[in-house]
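K.L.:
So you can see what is in the structure, the chains are spelled out below.
Number of protein chains: 2
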Amino acid sequence: MQEGALRDGKIVLSEKPLVLETPLDKLADFITPTESFYVRTHFPIPRIDKNKWRLRVEGEVEEPFEINFDELTALESKKIPATLECAGNNRSFLEPKVKGVQWTLGGVSNAEWTGVPLSILLDRAGVKSSAREIILEGADRGKPDDPKSPSCEFNFARSIPLEKARDVLLAHKMNDVDLPIENGFPVRAIVSGWYAVASIKWLQQIIVTDKPFNGYYQTLDYSYWKREGELAELMPLREMAIKAQITRPSEGETVPANSDMRVHGAAWGGDGEITKVEVSSDGGATWNKANLVGESKPNAWRLWEFSWKTPPRPGKATLIARATDSKGQSQPTERDPDRGTYMINHLLPIVVEIR
Amino acid sequence: MQEGALRDGKIVLSEKPLVLETPLDKLADFITPTESFYVRTHFPIPRIDKNKWRLRVEGEVEEPFEINFDELTALESKKIPATLECAGNNRSFLEPKVKGVQWTLGGVSNAEWTGVPLSILLDRAGVKSSAREIILEGADRGKPDDPKSPSCEFNFARSIPLEKARDVLLAHKMNDVDLPIENGFPVRAIVSGWYAVASIKWLQQIIVTDKPFNGYYQTLDYSYWKREGELAELMPLREMAIKAQITRPSEGETVPANSDMRVHGAAWGGDGEITKVEVSSDGGATWNKANLVGESKPNAWRLWEFSWKTPPRPGKATLIARATDSKGQSQPTERDPDRGTYMINHLLPIVVEIR
Numbered sequence: 001m002q003e004g005a006l007r008d009g010k011i012v013l014s015e016k017p018l019v020l021e022t023p024l025d026k027l028a029d030f031i032t033p034t035e036s037f038y039v040r041t042h043f044p045i046p047r048i049d050k051n052k053w054r055l056r057v058e059g060e061v062e063e064p065f066e067i068n069f070d071e072l073t074a075l076e077s078k079k080i081p082a083t084l085e086c087a088g089n090n091r092s093f094l095e096p097k098v099k100g101v102q103w104t105l106g107g108v109s110n111a112e113w114t115g116v117p118l119s120i121l122l123d124r125a126g127v128k129s130s131a132r133e134i135i136l137e138g139a140d141r142g143k144p145d146d147p148k149s150p151s152c153e154f155n156f157a158r159s160i161p162l163e164k165a166r167d168v169l170l171a172h173k174m175n176d177v178d179l180p181i182e183n184g185f186p187v188r189a190i191v192s193g194w195y196a197v198a199s200i201k202w203l204q205q206i207i208v209t210d211k212p213f214n215g216y217y218q219t220l221d222y223s224y225w226k227r228e229g230e231l232a233e234l235m236p237l238r239e240m241a242i243k244a245q246i247t248r249p250s251e252g253e254t255v256p257a258n259s260d261m262r263v264h265g266a267a268w269g270g271d272g273e274i275t276k277v278e279v280s281s282d283g284g285a286t287w288n289k290a291n292l293v294g295e296s297k298p299n300a301w302r303l304w305e306f307s308w309k310t311p312p313r314p315g316k317a318t319l320i321a322r323a324t325d326s327k328g329q330s331q332p333t334e335r336d337p338d339r340g341t342y343m344i345n346h347l348l349p350i351v352v353e354i355r
Numbered sequence: 001m002q003e004g005a006l007r008d009g010k011i012v013l014s015e016k017p018l019v020l021e022t023p024l025d026k027l028a029d030f031i032t033p034t035e036s037f038y039v040r041t042h043f044p045i046p047r048i049d050k051n052k053w054r055l056r057v058e059g060e061v062e063e064p065f066e067i068n069f070d071e072l073t074a075l076e077s078k079k080i081p082a083t084l085e086c087a088g089n090n091r092s093f094l095e096p097k098v099k100g101v102q103w104t105l106g107g108v109s110n111a112e113w114t115g116v117p118l119s120i121l122l123d124r125a126g127v128k129s130s131a132r133e134i135i136l137e138g139a140d141r142g143k144p145d146d147p148k149s150p151s152c153e154f155n156f157a158r159s160i161p162l163e164k165a166r167d168v169l170l171a172h173k174m175n176d177v178d179l180p181i182e183n184g185f186p187v188r189a190i191v192s193g194w195y196a197v198a199s200i201k202w203l204q205q206i207i208v209t210d211k212p213f214n215g216y217y218q219t220l221d222y223s224y225w226k227r228e229g230e231l232a233e234l235m236p237l238r239e240m241a242i243k244a245q246i247t248r249p250s251e252g253e254t255v256p257a258n259s260d261m262r263v264h265g266a267a268w269g270g271d272g273e274i275t276k277v278e279v280s281s282d283g284g285a286t287w288n289k290a291n292l293v294g295e296s297k298p299n300a301w302r303l304w305e306f307s308w309k310t311p312p313r314p315g316k317a318t319l320i321a322r323a324t325d326s327k328g329q330s331q332p333t334e335r336d337p338d339r340g341t342y343m344i345n346h347l348l349p350i351v352v353e354i355r
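Protein chains in written order, with our numbering: chain A, 1 to 355; chain B, 1 to 355.
Read the hints as simulated data drawn from the structure, not as lab findings.
Hints should not be assumed to be uniformly reliable.
As the list claims (entries may be wrong) - Derived EDC-like pairs (lysine to aspartate or glutamate); straight-line CA-CA distance at most 16 Å:
1. A:K148 - B:D145
2. B:K226 - A:E71
3. A:K128 - A:E63
4. A:K50 - A:E63
5. B:K211 - A:E71
6. B:K143 - A:E230
7. A:K211 - B:E153
8. A:K211 - B:E133
9. A:K128 - A:E62
10. A:K99 - B:D146
11. A:K226 - B:E228
12. A:K211 - B:D210
13. A:K148 - B:E133
14. B:K148 - A:D145
Unchecked claim - Some chain A residues close to chain B (C-beta under 8 Å, calculated; not the full set):
15. V101
16. K148
17. P150
18. S151
19. P212
Source: prediction; values computed, not measured.
Beta carbons are placed, not taken as given, at the ideal position from N, Cα and C, and that holds for glycine.
Given the sequences, and given the hints that come with them, work out the whole structure.
P.N.:
Put into structure tokens, the structure is as follows:
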């Protein structure tokens, strides 16, 4: 199969490792269909027998233990919608071009996840007072193509501060069905509100630790530079930055002149609740409020729509969407280069053709 | 000036940034002459007026303050010998070749440092109980040639855990004279026992912090991978690894057959005191104890010598030196690739010509 081809209705961005983007037309609904949910893997996909799968909880705990799939799913589960976004979503729009998966708009999807709160397992193990972080480790394993990476294979892993553990679900169902193999079967973490790299797939181990974890995927990769005085400090990517994306019309689309067009999309991320989405059709000079669709749900995207009176004459028009949250945070106009190739949420104009 | 040329009696390994290696014959004495002390800079060398220089102490302290040069040097000073080694010393011997400054044996020197214990300044400021690390920041400033580095200039900085602060001297003299400009004038840190990257030159700020500092020079650079189960974790380079270096004879040197030759060098690093140096003249099959010269001083190298009965007939001979410390630690035979391009202390054979 070639890059750019379709696979199960998703766009192939890379074969090895497998990376599949959700097509724009599948981003229009609140729930992304399971088979359209984007896929980002880093190593070969582990094929796990559900009956042999075990999850170990260890480290700074009173009673380390192992749990199997039936035991886990017999515990009290919750069902929540949550949006997952790849930290490199929208990367193909960066100028100048940068290395990495060339996501357009489809490195994001929203699903309903059924799973067991991580806190139930932590309570059973008895977290010691020395605990500071939880390392989530997947069964996927390999060596990145990077001269600065570890010299031989290691497992994909990421950590969260202890305080974040209450927001983590160990999901065994996605939109009410078993997880697809490439989305982490049989169990993945869902770390609500964070870039998806934290939501470890093929979960096999939970390690409670007394110090910050400096794994590859939160230092050399999936990190950014934070400025503090005259210093710069490497930080793991965590919370999704606030963003409104336009699903329709798409870049270069032809739109009839002098008519009413429904501009729509989704908005997510940020510290608070999405409270406002605005649309500009004049390159950012003036802004109009869009309607927020449905009800607000924590950590899930909010769909929005705007009725656009298209220009009277043929030509080009530039549309921009901008989200604001309940804490007053919005999107930057300019790209911050200290973010490297990640966390791309500056305003992204799209140009359409008026006929 | 060209690379490989001599500058003030040192070997030029790089002009921009300035890197100068100590020639082998200057490594024979306990104290390296000030003008022969190796030089490793990362950014343009700051020219600081001693009368305008200020050192600020701030962060998690009760009373942040600034101190000038006369006030600092009026405080009680200590004088200690300490060996500084660049974490990339011996890099040119790595196979296959790797990027970075191509140090042979002269990325190490030993001097007597006169300075004020950092703990005096910390006590004056009053370190809060939340403190965990001390960031030492230099006046040197720039942007590394690395696509993953911060996007614009920042100051050279490194951190040490609070417990290590008692081993740090703020040195204003080196071998009883003012520091040379390229060695950190007017004040540099001396972090005893650690690779020299921690011994910040042109010191201008001391920041007490409540969390680990993830600066560029302890994450993307000057770091290594530590294995923990199926994970790999990025660690800052800290303690110098134990090592014995042969100063004489040098690689390829011609040595008379059937005679007594004084093989000598220096040994340093490791957690404990250097208690043994051995020399093999048959490629590591058998080992002979060398004599340790002078007295043992903490954090300074120990000179050693061995009277070698050279082989009776012309040909080649292979010499290897090996150090052991009071905790029983010694040097590895094989290179550990998780150390990247740093911490090179595996056994290094040198081949000489018997005539």
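K.L.:
Hint by hint, note whether the structure agrees.
P.N.:
Here's how the hints hold up against the structure:
| no. | hint | in the structure |
| --- | --- | --- |
| 1 | A:K148 - B:D145 | 15 Å, holds |
| 2 | B:K226 - A:E71 | 34 Å, violated |
| 3 | A:K128 - A:E63 | 10 Å, holds |
| 4 | A:K50 - A:E63 | 24 Å, violated |
| 5 | B:K211 - A:E71 | 38 Å, violated |
| 6 | B:K143 - A:E230 | 12 Å, holds |
| 7 | A:K211 - B:E153 | 29 Å, violated |
| 8 | A:K211 - B:E133 | 13 Å, holds |
| 9 | A:K128 - A:E62 | 7 Å, holds |
| 10 | A:K99 - B:D146 | 14 Å, holds |
| 11 | A:K226 - B:E228 | 28 Å, violated |
| 12 | A:K211 - B:D210 | 13 Å, holds |
| 13 | A:K148 - B:E133 | 26 Å, violated |
| 14 | B:K148 - A:D145 | 15 Å, holds |
| 15 | V101 | 16 Å, violated |
| 16 | K148 | 7 Å, holds |
| 17 | P150 | 4 Å, holds |
| 18 | S151 | 4 Å, holds |
| 19 | P212 | 6 Å, holds |
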